[in-house]
Amino acid sequence: MLHEGIVRMKLDPAIRDQVLSTVPSLRAFAISLCGNIDRADDLVQETLLRALTHIDSFQPGTNMPAWLFTILRNLFRSEYRKRRREVEDADGHYAETLKSQPEQSGRIEFEEFRQALAKLPPDQREALILVGASGFSYEDAASICGCAVGTIKSRVNRARTRLADLLAIDTADDFGPDHATRAVLASGGRT
Amino acid sequence: MGEGHKSDHMKNRKTNLEPVEPGAVKPESLNPEILRPTGRPATAHRPEARLGREAQARIGQQLRDMYARYVQEGVPPQIADLVRRLSEQE
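As given, the protein sequences belong to chains A and B, one line each in that order.
Residues 87 to 277 (this note's numbering) make up the first sequence, in order.
Residues 929 to 1018 (this note's numbering) make up the second sequence, in order.
The hints are simulated quantities; they were obtained by calculation from the structure and are not laboratory data.
Careful: at least some of the hints might be erroneous.
Stated by the list, open to error - Examples of chain A residues toward chain B, derived with CB under 10 Å: (1) K96; (2) D98; (3) R163; (4) A219; (5) A250.
As the list claims (entries may be wrong) - The following label-pair restraints were derived from C-beta to C-beta distances: (6) A996(B) x T139(A): 28 to 34 Å; (7) C233(A) x P1005(B): 32 to 38 Å; (8) R1012(B) x I194(A): 37 to 43 Å; (9) D128(A) x R1012(B): 16 to 22 Å; (10) I101(A) x R981(B): 39 to 45 Å; (11) N160(A) x Q1000(B): 24 to 30 Å; (12) D1009(B) x I194(A): 34 to 40 Å; (13) D993(B) x D251(A): 18 to 24 Å; (14) E982(B) x R167(A): 33 to 39 Å; (15) P1005(B) x R167(A): 40 to 46 Å; (16) P146(A) x P1005(B): 25 to 31 Å; (17) E197(A) x P1005(B): 25 to 31 Å; (18) P1005(B) x K239(A): 26 to 32 Å; (19) R992(B) x D128(A): 24 to 30 Å.
Unchecked claim - Far from chain B, some chain A residues (derived; all Cβ distances over 10 Å): (20) P99; (21) D127; (22) Q145; (23) P151; (24) A152; (25) W153; (26) R167; (27) G192; (28) K205; (29) D209; (30) I215; (31) Y224; (32) D226; (33) C233; (34) V235; (35) T237.
Note that the Cβ used here is the ideal one computed from N, Cα and C, for glycine as well.
My request is simple: use the sequences and hints to build the entire structure.
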């Protein structure tokens, strides 16, 4: 997969450091998108390989994280189309391989949230993560996803509403019979 | 919360209680009578402004917590190694 020997350039150390400093967030984005660490690492490696072998197409001074996230997002989407059924199976080996295990109380909440996120359509999931966790502006997220800013806003809103439903988080109009119980569970027993 | 908006909520809610799968709607049924006040078909999804501030904050926090946990993992050795090798080749 590494295609040894095709790279024939020396990378500016400043650019290399920009890339390296983006990797933890890029990888978090990949894990959040596909819910599987092994596949996320493959995505990150493929992204970095493409980026670093096409570094000429990056304009110094522009947004390095947005550039890398765009590449990873496009790779994920083309892979998703090929492996749709597999990806929709949200289970799979996953958080067990994380080094930092949440404490028991936070673990249920974490697990519930992760599973709910995996149930979102991919366009909503990526928009929510980019804006709500990766720290991109709506404009950057729109550019990463190749759509209009209004589309991103709408996807983020729909993602939040759907997550609230899935997690039985109390909304202004919640009439679920057991939402109070589930809200306690969802908060990991705090309050 | 603003009681003044309640009538709007009620209007929207009525359509939401009858969820229809987007694919199940035939084009000929897209007549003006089932358009919501926003001009969009009353078929697709729940109104976007429904979620309360507190629920949004909770979801935002859980999302950031999850992400922070992933970020904390740092850069796996094989990835750092890949970047190093790719950037040092001439």
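Here is what the structure says about each hint:
1. The beta carbon of K96(A) is positioned within 10 Å of a beta carbon in chain B (closest approach about 5 Å), and the interface hint is therefore held.
2. Hint on D98(A) holds. Least Cβ distance to chain B is approximately 9 Å, under the 10 Å limit.
3. The criterion of a C-beta within 10 Å of any C-beta in chain B is not met by R163(A), whose closest approach is roughly 20 Å, and the hint is violated.
4. Interface restraint check for A219(A): the shortest CB-CB distance to chain B comes to about 4 Å, inside 10 Å, so the restraint holds.
5. With 10 Å as the threshold, the beta carbon of A250(A) comes within range of chain B, its nearest partner Cβ sitting at about 5 Å, so the hint holds.
6. Distance hint check: the CB atoms of A996(B) and T139(A) are about 31 Å apart, consistent with the given range 28 to 34 Å.
7. Checked against the hint of 32 to 38 Å, the C-beta distance between C233(A) and P1005(B) comes to roughly 36 Å, which is consistent with it.
8. Checked against the given bound of 37 to 43 Å, the beta carbons of R1012(B) and I194(A), roughly 39 Å apart, stay inside it.
9. For the pair D128(A) and R1012(B), the beta carbons lie near 19 Å from each other, so the given range of 16 to 22 Å is met.
10. Between I101(A) and R981(B) the C-beta distance comes to about 41 Å, which sits within the given range of 39 to 45 Å.
11. Checked against the hint of 24 to 30 Å, the pair N160(A) and Q1000(B) passes, with Cβ atoms roughly 26 Å apart.
12. Between D1009(B) and I194(A) the CB atoms are about 36 Å apart, so this pair conforms to the stated range of 34 to 40 Å.
13. Between D993(B) and D251(A) the CB atoms are about 20 Å apart, so this pair conforms to the stated range of 18 to 24 Å.
14. Separated by about 37 Å at the C-beta atoms, E982(B) and R167(A) satisfy the suggested range of 33 to 39 Å.
15. For P1005(B) and R167(A), the Cβ-Cβ distance of about 31 Å falls outside the hinted range of 40 to 46 Å, so the restraint is violated.
16. Between P146(A) and P1005(B) the beta carbon distance is about 28 Å. The supplied range of 25 to 31 Å therefore holds.
17. At about 27 Å, the CB distance of E197(A) to P1005(B) agrees with the hint of 25 to 31 Å.
18. The hint said 26 to 32 Å for the Cβ distance between P1005(B) and K239(A), and at roughly 39 Å that hint is violated.
19. The hinted window of 24 to 30 Å between R992(B) and D128(A) holds, with their beta carbons roughly 25 Å apart.
20. The non-interface label for P99(A) is inconsistent with chain B: the shortest C-beta to C-beta separation is roughly 8 Å, within 10 Å.
21. Against the 10 Å criterion, D127(A) falls within the reach of chain B, whose nearest CB is about 6 Å from its own CB.
22. Even its closest Cβ contact with chain B, about 18 Å, leaves Q145(A) beyond 10 Å, as expected for a residue assigned away from the interface.
23. Its beta-carbon lying about 12 Å from the closest one in chain B, P151(A) satisfies the requirement of being farther than 10 Å from that chain.
24. At roughly 17 Å, the least C-beta separation between A152(A) and chain B is larger than 10 Å, which holds for a residue marked as non-interface.
25. Distance to chain B confirms W153(A) as a non-interface residue, since its nearest Cβ pair spans about 15 Å, more than 10 Å.
26. The beta carbon of R167(A) is kept farther than 10 Å from every beta carbon of chain B, the shortest such distance being approximately 19 Å.
27. With 10 Å as the threshold on Cβ separation, the claim that G192(A) sits away from chain B is violated: the shortest Cβ distance comes to roughly 8 Å.
28. The Cβ of K205(A) lies farther than 10 Å from every Cβ of chain B, with a closest approach of about 14 Å, so its non-interface assignment holds.
29. Once the 10 Å rule is applied to beta carbons, D209(A) is consistent with being away from chain B; the minimum gap is 13 Å.
30. With 10 Å as the threshold on Cβ separation, the claim that I215(A) sits away from chain B is violated: the shortest Cβ distance comes to roughly 7 Å.
31. At the 10 Å boundary, the C-beta of Y224(A) stays outside the reach of chain B, the nearest C-beta of that chain being 14 Å off.
32. No Cβ of chain B comes within 10 Å of the Cβ of D226(A); the nearest lies about 16 Å off, and the non-interface call holds.
33. At roughly 16 Å from the closest C-beta of chain B, the C-beta of C233(A) stays outside 10 Å, upholding its exclusion from the interface.
34. Distance check on V235(A): its Cβ is at least 15 Å (rounded) from any Cβ of chain B, clearing the 10 Å threshold; non-interface status holds.
35. Every beta carbon of chain B lies more than 10 Å from that of T237(A), the smallest distance being close to 12 Å; the non-interface claim holds.
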